[in-house]
Amino acid sequence: MKFRSTTRLFLWLLPLLLLSGSCALRQHFTRGAPYTTVYVARHAEKDLTPGLADPALTPAGQQRALALRDAIGKNQWVGAVFTTNTSRTRATAAPLAEAHKLPVEVYDAGQLRVLAARIRGRFTGQVVLVVGHSNTILETIEALGASRPVPTIQGDEYDYLLEVRVPRDSTRTPTAVARRYGARSSGQ
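Start counting the sequence shown at 123; every next residue gets the next number (the working numbering).
It is worth saying that the hints were derived from the structure and are not from the lab. In this text, a Cβ means the ideal position worked out from N, Cα and C, and glycines have one as well. Be aware that a few hints might be false.
[As the list claims (entries may be wrong)] For each label pair, taking beta carbons as the anchor points, the in silico distance ranges come out as: (1) Leu174 / Val272: 26 to 32 Å; (2) Lys196 / Thr295: 26 to 32 Å; (3) Asp192 / Ala239: 26 to 32 Å; (4) Thr293 / Asp176: 38 to 44 Å; (5) Pro289 / Arg235: 15 to 21 Å; (6) Ala300 / Leu188: 17 to 23 Å; (7) Gly232 / Ala182: 26 to 32 Å; (8) Pro225 / Pro172: 30 to 36 Å; (9) Ala221 / Arg244: 17 to 23 Å.
Could you put the whole structure together from the sequences, leaning on the hints where they help?
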């Protein structure tokens, strides 16, 4: 009889122990990092039909959103996902946010320094995704304190994934690198 109650108690406590261990590991692997990693991406390919106020992603854009999830989220814990308030940016970020069970937080592209301060203040040592537009993503890099890794982003370039490392030590300068992900953009 005592064996049964001990076994039941163990089986009841096991999921709680595993869950708390998982949370502790997540905290160890993110908050303990010597820098915050901020991935900055342009929204994926959008519908170019004239007259659309808030165009959705094309099928190619939907595929790129999945590629973004895979490029960032497979081996990393993600702490936050930010987008502007448009369908195309939210749809680009959605697969990664869903994979990590995170809300998509909206930011004002006209207030990039506010976004940068929020990331530095609340997500230190974590991985963050920011999805913006061709005319804001390089400015986002600069707001985070890094130099532009590329001089410009063309209107038909959707495949840049910019990675900014913001050191915990505020005396050190953030760095940024550019790489490509997913299918090649038509502008290459």
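Hints, verified against the model:
1. Range check, Leu174 to Val272: Cβ separation about 28 Å, and the 26 to 32 Å hint holds.
2. Between Lys196 and Thr295 the beta carbons are some 29 Å apart, a value that agrees with the proposed interval 26 to 32 Å.
3. Remark: the range hint 26 to 32 Å for Asp192 to Ala239 is upheld by a beta-carbon distance near 30 Å.
4. Take Thr293 and Asp176: their Cβ atoms lie about 42 Å apart, and the range 38 to 44 Å holds.
5. Checking the proposed 15 to 21 Å range against Pro289 and Arg235 shows it holds: the Cβ atoms sit about 18 Å from each other.
6. The beta-carbon spacing between Ala300 and Leu188, approximately 21 Å, falls within the hinted interval of 17 to 23 Å.
7. About 29 Å separates the C-beta atoms of Gly232 and Ala182, a value consistent with the hinted range of 26 to 32 Å.
8. About 33 Å separates the C-beta atoms of Pro225 and Pro172, a value consistent with the hinted range of 30 to 36 Å.
9. Roughly 21 Å separates the CB atoms of Ala221 and Arg244, a value that falls within the hinted 17 to 23 Å.
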